[in-house]
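Convert by adding 14 to the 1-based position in the sequence shown; the result is the number in the numbering used here.
Note that these hints are calculated values from the structure, not bench results. Quick caveat: nothing in here was measured; it's all calculated off a predicted structure. Do not rely on the hints blindly, as some may be mistaken.
DEER-style ranges, computed between Cβ atoms [claimed, not checked]:
#1 S34 x F71: 24 to 32 Å
#2 Y76 x S49: 14 to 22 Å
#3 S34 x P72: 17 to 25 Å
#4 D43 x P70: 14 to 22 Å
#5 H31 x W55: 23 to 31 Å
#6 S33 x N66: 27 to 35 Å
#7 Y76 x E45: 13 to 21 Å
#8 H35 x Q63: 16 to 24 Å
Note that the Cβ used here is the ideal one computed from N, Cα and C, for glycine as well.
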Amino acid sequence: MNLEMLGQNTSQAEVTHISSHGIWILANDEEMFLSYQDFPWFEDVPIRQILNIQEPFPNHFY
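When you get a sec, could you build the whole thing from the sequences and use the hints?
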(Lines of atoms letter the chains of each structure in order from A and count residues from 1; the text may use other names and numbers.)
(Lines give C-alpha, C1' and ligand atoms only; values in the text may rest on other atoms or scores of the structure.)
Protein backbone atom coordinates (compact mmCIF):
# COMPACT_ATOMS: atom_id res chain seq x y z
CA MET A 1 0.00 0.00 0.00
CA ASN A 2 1.33 3.41 -0.96
CA LEU A 3 0.46 6.27 1.39
CA GLU A 4 1.15 9.58 -0.28
CA MET A 5 0.00 13.00 0.79
CA LEU A 6 -2.49 14.19 -1.81
CA GLY A 7 -3.88 17.70 -2.00
CA GLN A 8 -3.58 20.33 0.69
CA ASN A 9 -3.60 19.95 4.44
CA THR A 10 -7.18 20.63 5.52
CA SER A 11 -6.57 20.86 9.26
CA GLN A 12 -7.52 24.24 10.64
CA ALA A 13 -5.71 26.39 13.14
CA GLU A 14 -7.77 26.85 16.28
CA VAL A 15 -7.65 28.88 19.46
CA THR A 16 -7.58 26.45 22.37
CA HIS A 17 -7.36 28.90 25.29
CA ILE A 18 -7.48 32.62 26.00
CA SER A 19 -6.10 33.91 29.30
CA SER A 20 -5.17 37.22 30.85
CA HIS A 21 -1.58 36.53 29.70
CA GLY A 22 -2.12 35.52 26.07
CA ILE A 23 -3.62 33.12 23.56
CA TRP A 24 -2.95 29.40 22.94
CA ILE A 25 -3.21 28.23 19.32
CA LEU A 26 -3.16 24.68 17.96
CA ALA A 27 -2.00 24.39 14.35
CA ASN A 28 -0.30 21.63 12.40
CA ASP A 29 -0.17 19.39 15.50
CA GLU A 30 1.78 22.07 17.38
CA GLU A 31 0.55 24.19 20.28
CA MET A 32 1.83 27.77 20.42
CA PHE A 33 1.47 30.51 23.01
CA LEU A 34 1.17 34.12 21.90
CA SER A 35 1.78 36.31 24.93
CA TYR A 36 0.28 39.78 25.06
CA GLN A 37 3.75 41.01 26.01
CA ASP A 38 5.10 39.83 22.64
CA PHE A 39 1.86 40.39 20.65
CA PRO A 40 0.19 43.37 22.36
CA TRP A 41 -2.22 44.02 19.45
CA PHE A 42 -4.23 40.92 20.49
CA GLU A 43 -4.85 42.07 24.07
CA ASP A 44 -7.85 44.33 23.40
CA VAL A 45 -9.33 42.44 20.45
CA PRO A 46 -12.87 41.02 20.93
CA ILE A 47 -12.97 37.26 21.47
CA ARG A 48 -15.09 36.80 18.33
CA GLN A 49 -12.23 38.16 16.23
CA ILE A 50 -9.58 36.08 18.02
CA LEU A 51 -11.59 32.90 17.43
CA ASN A 52 -11.72 33.69 13.69
CA ILE A 53 -8.08 32.65 13.24
CA GLN A 54 -6.85 31.91 9.74
CA GLU A 55 -3.59 30.45 8.44
CA PRO A 56 -3.29 31.51 4.78
CA PHE A 57 0.34 30.32 4.64
CA PRO A 58 2.21 27.93 6.96
CA ASN A 59 2.85 29.62 10.33
CA HIS A 60 1.32 32.95 9.23
CA PHE A 61 -1.77 33.67 11.31
CA TYR A 62 -4.38 36.37 10.99
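Practice task
Evaluate the given range 23 to 31 Å for the C-beta pair formed by H31 and W55.
Solution key: 19 Å Cβ-Cβ, so the 23 to 31 Å window is violated.
Exercise for the section: Take the C-beta atom of Y76 and the C-beta atom of S49, compute their distance, and say whether it sits inside 14 to 22 Å. Expected result: holds, 18 Å
Problem - Outcome for the supplied range 27 to 35 Å, where the beta carbon pair is S33 and N66 - result: Violated - the Cβ-Cβ distance for S33 and N66, about 19 Å, lies outside 27 to 35 Å.
Practice task
Using the beta carbons of Y76 and E45, state whether their distance is inside 13 to 21 Å or not.
Solution key: holds, 19 Å
Handout entry: Distance restraint evaluation - S34, F71, Cβ atoms, bounds 24 to 32 Å
Key = Given about 30 Å between the Cβ atoms, the range holds.
Problem - Consistency of beta-carbon spacing, P70 to D43, with hint 14 to 22 Å - result: holds, 19 Å
Problem - Cβ distance range 16 to 24 Å for H35 and Q63, holds or violated - result: holds, 18 Å
Handout entry: Pairwise beta carbon distance, S34 to P72, judged against the given window 17 to 25 Å
Key = violated, 29 Å
Consistency note: the structure conflicts with the earlier hints numbered 3, 5, 6.
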